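S.K.: As you go down the protein sequences, you meet chains S and C in turn. With full-length UniProt numbering, letter number 114 in the first sequence gets 114, and the count goes up by one each step, no holes. With full-length UniProt numbering, letter number 64 in the second sequence gets 64, and the count goes up by one each step, no holes.
Keep in mind that the hints were calculated from the coordinates and are not lab data. There may be inaccurate statements among the hints.
[As the list claims (entries may be wrong)] In the SDA-like style, the derived pairs of lysine to any residue whose C-alpha atoms are separated by at most 20 Å in a straight line are: (1) S:K200 to C:E236; (2) C:K72 to S:K97; (3) C:K246 to S:P171.
Quick caveat, the model's predicted, so the values are computed rather than measured.
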Amino acid sequence: MFATQIHGDNGKMKDYHYTGPVEHRFSPYSFNGGTVLAVAGEDFAIVASDTRLSEGYSIHSRDSPKCYKLTDTTVIGCSGFHGDCLTLTKIIDARLKMYKHSNNKSMTSGAIAAMLSTILYGRRFFPYYVYNIIGGLDEEGRGAVYSFDPVGSYQRDTYKAGGSASSMLQPLLDNQIGFKNMEGVQHLPLSQEKALQLVKDVFISAAERDVYTGDALRICIITKDGIKEETVPLRKD
Amino acid sequence: MALSNVLETPPSGFNFENVLRNVALEGLLEGAHNKAPKPMKTGTTIAGVVCKDGVVLGADTRATSGEVVADKMCAKIHYIAPNIYCCGAGTAADTEKTTDLLSSNLTIFSMDSGRNPRVVMAANILQDMLFRYRGQIGAHLILGGVDCTGSHLYTVGPYGDIDKVPYLAMGSGDLAALGILEDRFKTNMELEEAKELVRDAIHCGIMSDLGSGNNIDICVITKQGVDYIRPYQESEFKYKRQRRYKYNPGTTPILTEKIVPLKMEVVQETVQRMDTA
């Protein structure tokens with residue numbers, strides 16, 4: 001049975017390294033790595049991202065944060081293909097300006113999330129290769145986190161991790177913030193200090209085990225007093 | 001039996017039954033949800049330098065499985081003989097087993113002939129084996145040692161190509177490390193200078209390459225003996241966590257508990273003295 005596979009019709013040995021002719025195609029996407037995380041509290045929201053931009057096994061930049069400030073109460077974290085991240089944030093900025101000029105007020109977090117979903121679905125058949133997470137304050141001043149998939153499906157969460165180390169961080173957040181898989185533990189509301197410490201710790205862990213995460217951590221803390229930024233060093237290797 | 005591997009040539013022809021089977025398996029798994037398990041690669045930086053009195057080999061300690069770090073402290077410098085060590089890059093299992101096999105063969109040889117093995121012997125045996133498997137064994141090796149003819153450094157590729165060089169780097173971080181080596185290598189360097197050069201080369205690989213990281217191992221082989229320094233330099237990135245993540249007993253609920261007593265009775269009791277000499 002296998003003998004006929006080895007020898008072709010004319011008895012010459014067929015190459016066994018591949019099963020047929022290989023078509024080389026140009027891929028419009030590339031994966032530039034990075035992890036993003038957002039946590040919503042009672043009256044604050046935290047959006048954090050690492051600052052490493054990589055491709056393959058090389059590093060393009062050690063200082064390329066993935067959080068972008070949209071309004072005074074909203075920050076978006078984008079990771080995935082850097083080209084699409086830049087274009088998407090430009091488009092969102094333009095749409096925010098248009099809204100502000102037409103309606104004489106800034107867009108709320110919920111409105112930005114809904115708009116982003118439409119923008120992403122508009123490219124359903126040539127998607128933006130971006131994993132988005134929006135963090136901000138809603139109209140009542142409570143923390144809000146909206147997480148997206150590359151084609152626009154979104155939902156409001158309390159916490160969400162996206163990007164290359166998301167599968168490592170999300171279970172840890174489920175346990176520490178959502179108190180999942182634990183019994184007999186007091187469900188304390190999340191304070192800003194505890195959330196900040198948790199975010200720093202989980203990124204230290206992510207940098208240990210994920211090669212695409214590291215260099216530095218940029219944290220944006222959103223409260224009614226504005227947006228505060230903090231940078232923490234991570235593993236550089 | 002085992003000696004035959006060293007003295008006789010193996011049966012002629014290539015045995016490729018498993019390659020065809022793997023291709024067929026991959027075709028079966030293509031549409032299914034489960035893909036073939038990805039072998040752990042070392043995604044490495046390894047380097048070697050010949051200096052005045054011997055050979056200095058260096059390696060990082062990170063092993064990756066795709067994009068996840070599988071081992072933060074893996075040993076990439078393998079023992080071959082008392083005077084020969086080998087750094088391995090590529091598929092972790094392949095480098096380990098190949099160097100183990102080589103080490104066994106050389107031990108049998110040195111017992112049989114009463115001589116220390118020479119580095120060129122080790123290189124030739126490796127080359128034979130890797131060429132026989134036509135690149136299917138993904139082992140990129142740097143072989144270094146000191147024997148009666150002097151200090152030698154060889155590289156053996158997965159297809160069986162061999163090169164004898166005064167300085168060398170391999171692995172995914174090889175270009176970064178080679179930059180440092182090309183800049184500062186001189187023939188007949190002092191031992192300390194050679195150690196610093198290899199350390200700097202590996203450090204450059206660790207910082208520039210995502211597949212390399214964590215600590216640096218150094219192995220210095222001279223006529224007097226071997227100094228295997230593991231780790232030569234620990235990673236400078238040790239960040240403390242800000243909170244303690246401890247779980248009290250009872251956090252994981254016990255849903256059911258079933259105790260089955262094993263009814264056993266003593267039938268016979270014997271005492272045997274163990275030779276612990």
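S.K.: May I ask which of the numbered hints given earlier this structure violates, with the numbers listed in increasing order?
M.R.: 2
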